[in-house]
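Hints are included, so try docking the two chains, each in its own frame, into the full complex.
Order-wise, the sequence lines are chains A and B.
Residues 1 to 333, numbered by our numbering, are exactly what the first sequence covers, in order.
Residues 334 to 600, numbered by our numbering, are exactly what the second sequence covers, in order.
You can trust all of the hints, since none of them are fake.
Pair by pair, the computed Cβ-Cβ distance ranges are:
id, chain 1, residue 1, chain 2, residue 2, range
1, A, GLY53, B, SER596, 28 to 36 Å
2, B, ALA350, A, ARG258, 52 to 60 Å
3, B, SER537, A, GLY88, 53 to 61 Å
4, B, ALA590, A, ALA278, 53 to 61 Å
These aren't lab readings, by the way, just hints derived from the structure by calculation.
Here the structure is a predicted model, which means the values were calculated and not measured.
Using N, Cα and C, we set each Cβ at its ideal position, and we do this for glycine too.
So you can see what is in the structure, the chains are spelled out below.
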Amino acid sequence: MTHTHAISAHDLTKTYTFHQQRAGLGGALKSLVRRKYETRLAVDRVTFAIEPGEVVGLLGPNGAGKTTTLKMLSGLLYKTSGDLDVLGHTPSDRKHDYLRRIALVMGQKTMLWWDVPAMESLLLHKEMYGLSTVEFERNVAELAELLDVQDLLNVQVRKTSLGERMKLELMAALVHGPEILFLDEPTIGLDVVAKARVRSFLADVNRLRGTTILITSHDMDDIEALCSRVMIIDHGRLQFDGALDDLVRTAQPRKLVRATYATPVDVGPLTAFEGVSAVEVDGLTVRLEADRARTGQILEQLTRLGPLVDLDVADADVEEIMRDLFLRRGEAS
Amino acid sequence: MIRNLRILRRMVAAEIAQQSIYRGAWVIFMLANICTPLISLLIWRTALANGAQLPVDERYITTYFVLLGIATMTTSSWMAGFLANDIRLGKLSSWMVRPASLLLGFVANNLSEKFLKVFALIPMLGVVWWIFRDSMNVPPGFGRWALFVVTLVLGAILVFTIDILIAAFAFWMDDVSALVQARVIIGSVLSGAVVPLALMPEWSRGFINYQPYRYTVSFPVEIVAGNLSSTELMTGLAVQIGYVVAVGLLARFVWAAGIRAYSAVGA
Numbered sequence: 001m002t003h004t005h006a007i008s009a010h011d012l013t014k015t016y017t018f019h020q021q022r023a024g025l026g027g028a029l030k031s032l033v034r035r036k037y038e039t040r041l042a043v044d045r046v047t048f049a050i051e052p053g054e055v056v057g058l059l060g061p062n063g064a065g066k067t068t069t070l071k072m073l074s075g076l077l078y079k080t081s082g083d084l085d086v087l088g089h090t091p092s093d094r095k096h097d098y099l100r101r102i103a104l105v106m107g108q109k110t111m112l113w114w115d116v117p118a119m120e121s122l123l124l125h126k127e128m129y130g131l132s133t134v135e136f137e138r139n140v141a142e143l144a145e146l147l148d149v150q151d152l153l154n155v156q157v158r159k160t161s162l163g164e165r166m167k168l169e170l171m172a173a174l175v176h177g178p179e180i181l182f183l184d185e186p187t188i189g190l191d192v193v194a195k196a197r198v199r200s201f202l203a204d205v206n207r208l209r210g211t212t213i214l215i216t217s218h219d220m221d222d223i224e225a226l227c228s229r230v231m232i233i234d235h236g237r238l239q240f241d242g243a244l245d246d247l248v249r250t251a252q253p254r255k256l257v258r259a260t261y262a263t264p265v266d267v268g269p270l271t272a273f274e275g276v277s278a279v280e281v282d283g284l285t286v287r288l289e290a291d292r293a294r295t296g297q298i299l300e301q302l303t304r305l306g307p308l309v310d311l312d313v314a315d316a317d318v319e320e321i322m323r324d325l326f327l328r329r330g331e332a333s
Numbered sequence: 334m335i336r337n338l339r340i341l342r343r344m345v346a347a348e349i350a351q352q353s354i355y356r357g358a359w360v361i362f363m364l365a366n367i368c369t370p371l372i373s374l375l376i377w378r379t380a381l382a383n384g385a386q387l388p389v390d391e392r393y394i395t396t397y398f399v400l401l402g403i404a405t406m407t408t409s410s411w412m413a414g415f416l417a418n419d420i421r422l423g424k425l426s427s428w429m430v431r432p433a434s435l436l437l438g439f440v441a442n443n444l445s446e447k448f449l450k451v452f453a454l455i456p457m458l459g460v461v462w463w464i465f466r467d468s469m470n471v472p473p474g475f476g477r478w479a480l481f482v483v484t485l486v487l488g489a490i491l492v493f494t495i496d497i498l499i500a501a502f503a504f505w506m507d508d509v510s511a512l513v514q515a516r517v518i519i520g521s522v523l524s525g526a527v528v529p530l531a532l533m534p535e536w537s538r539g540f541i542n543y544q545p546y547r548y549t550v551s552f553p554v555e556i557v558a559g560n561l562s563s564t565e566l567m568t569g570l571a572v573q574i575g576y577v578v579a580v581g582l583l584a585r586f587v588w589a590a591g592i593r594a595y596s597a598v599g600a
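Bound conformation, chain B alone (with noise of 0.2 Å):
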């Protein structure tokens, strides 16, 4: 464990000196993270400001759409694609003879990236608080802000548990692009990233409540933004606990299957 975190940090470093390379890249990447939730405000604010009847107030549209773009970004996850193609094209096998997990290296790509990232977007985050700093939700005291940043962690985790079942299918199917794109789009929609999930219709409640990708963007968000009470949070804790472990679990299981099935393409 303590080697592999020695192995982490190393490649951490290593990410980040790669990275700092294409430093243009990140602020537009930043840029884009930022616009697409401060846009769904403005639009959002409108459509209030001129008598649209929704279940959640200014407020809430507000903060939620505010933080959103700190919430996608901490658990967003872009690895499936790089790591199916590893597969596929047999570029797996250098790490493979190397005594390390095979995953340390993505793993250093996620934080190395996410860590660039918050540079860039804090300053822009600023920004925006300031603007609509009145017209929004902060909770008292310091137990949600915790419980926000414990759960943008476990959703972190969460995505990137997902992200490495569906590259693992590589070891099996040829082409697993057609999966990762789909799990971008519905994980866009069904994580609240698009539209917040308190609008959706009411008849879509429990399935939208409990499906797993609330727990990756919109369930953080919502302790800050609305008014869970304490059984409603500690539920959704456990629930995102319980889709980490069986997630993770199913992962770990499908991918020690694909191991064996790995063709080690190429020279």
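The following block holds chain A by itself, in its conformation from the complex (with noise of 0.2 Å):
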């Protein structure tokens, strides 16, 4: 295995056993004499490689597996089976030459004290991870810029808004500069203005630091903000590994196509039109689905439609492929 990737694994592989008990005083009466243990298949012989710099989004509905690679790769858990190397090392040693250049951020765990200032946090994570006092000061400065907390430093965590504290969260997971920042879940319980400086923060991170972000959300958002490439985890198996746009071709191979006119247009002519599909009129404005091979064509074909007046072309929402896809494979197994 080559140590050129920042992140290679082949036929990851990860299994659980636990017991099933039955709700009810009768249940629990059973499984005390008698346990029933199940082995579930969490990761399924999982291949990728993540070069260093990448942004990747790892997405999946609940329970596809993606917290558990996420657990593998920063070495919480011990892989059943596969080839796993992160930055040279193997995760689940936990060597803390491994641990001084990764990260790792949950969004409902906190790393932060929390009856003491943040400040308390960083400056443990200065003697942690070894930092001089110049490196540390340096980088506490930049972070608290980038993230403006730099009011928030000194007042004791539990006081501040979830928000604020994702915000500090990030900063002690960054402090020392890791190669690797893992993240899971960064924006969960978030409103929209702390979702999108946390967006930016990382986006900035990974422009000006290089940091290779490998991370897990359910906003659709945080994926098309952030990720060029994404990796669909779905039944432990990996599903799709490749760009967001290939995702969004491969499984919406249709743009959306809004053009509203001046006067009321016949759109006859446009449903025969090839490539066009789903067409509706609402008063001055018509919907369509175009594909993408003939978007130019079709756009031509609604100029000479009437007087145009705006025209609008996008792709299907993220968030509704994603809900699409889940669904499709849901059913399909």
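As structure tokens, this is what we get:
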């Protein structure tokens, strides 16, 4: 396995064993005497490689195996089988040399000490990661400015809002300058303003520091804003690995077109035109779906229908695409 | 090692800052810590005054219970339940991805809380000592006091390691609170925190003298309060060190196996 990749996984597999217990007193008493154990395949022979500096989105419905994958990559879980190499290390060895080069931010778990200001946690990280005072102060100043949290560093963490706390979490995770940042639902529960701030911060971190970012999120806006590449995991299997645009093109090969005219138009000729479908007329506005390959010709046709006032061409909403994709796979299985 | 000590120092400072917020709580803790042995002392002194035939005299009983508060405080550990909870709920994860020992946070919590408690306990202990000063065994010289301090530190390490061992079972068991509770109840009796081990029945002597909990509280106090011979002192110290090493190795083994089984639940 080569070390030129930041992350390299080959046939990565993880199974869990757990016991099933029926609800109620009877189930509880029965489980005292006899337990039924089951093995669940959480990640099934997943193979991929991520290059340094890439921002990759790991997507999938709940229970698909994406967080388990993230936990194996960050060293929290041992793999059941397969090969895994992150920055030349086997993550589950949890060697300090490895842990110094990564960071994991979990949207629902905190790294910060609750009852003291965030600065105490940052100072703890200074010691943990062996940062010099100069390096520490420079990083803190840079991150605080990017995140706009200068005034929050000396406030008790429990007195900050959810959005502020996530920004402080990100700061604590990045103060040592990790080469890889694993993010598990970093914007969960945040309002739109805080989400936008976190996204733009992460984009800056990737651009300025070249940090490799692997992110799981159910918020497609996160993925669209940050990831040029996505990997879709479902039922533990890697179902798609490629550019977000390719995913959109493959899953939804049509563009959404909306044309608004100054006067009512006859859409008759349009319906007969190749590559046009789902034509709808709403007053002076015409909506349709156009084959990507024929979008240019279809737009030309639209200009001939009447006096055009407004024209809008868009890809289908990624959120909708993902929802359709997961629903289709769910039904298929 | 030096890096871990620097991390520990920083953690202790943060813990002290954190715990100082709840200053009322540790004063109450300390009052409870001193009141229990004090009540026991008064009961046993009353029993002796009423002609009870005990294998130890009043001076032993008095010294024992006056020192008991500081011994139980110094060697106590409360981390098993918290650590087990962190394992069960997946909270250990945020420490596992950072380059430091997972237990440093618990060591820091233990040391800082004891550091703060000392400030409340010493004055209280001073008052009790002054009240009973004429009926206590105070060994001459520095030797026994030094040994008292050494065995207290070893006792603290032993209790802490037993806690790690018990908490580590949470890697496989859904709930270890019964184990934690059993450790507290059995430990409080067998350590001598409730009744001096010298008062245990003669037939149990062999077991009582060599079971591990004696070396968590009773043995250090016996060094000052009792008449242990040099041979008994050295044997006791060797047994205590043996338990620290043995339980330490066992805890390390179980912990390492547990980490492999860790399921890091929750997102």
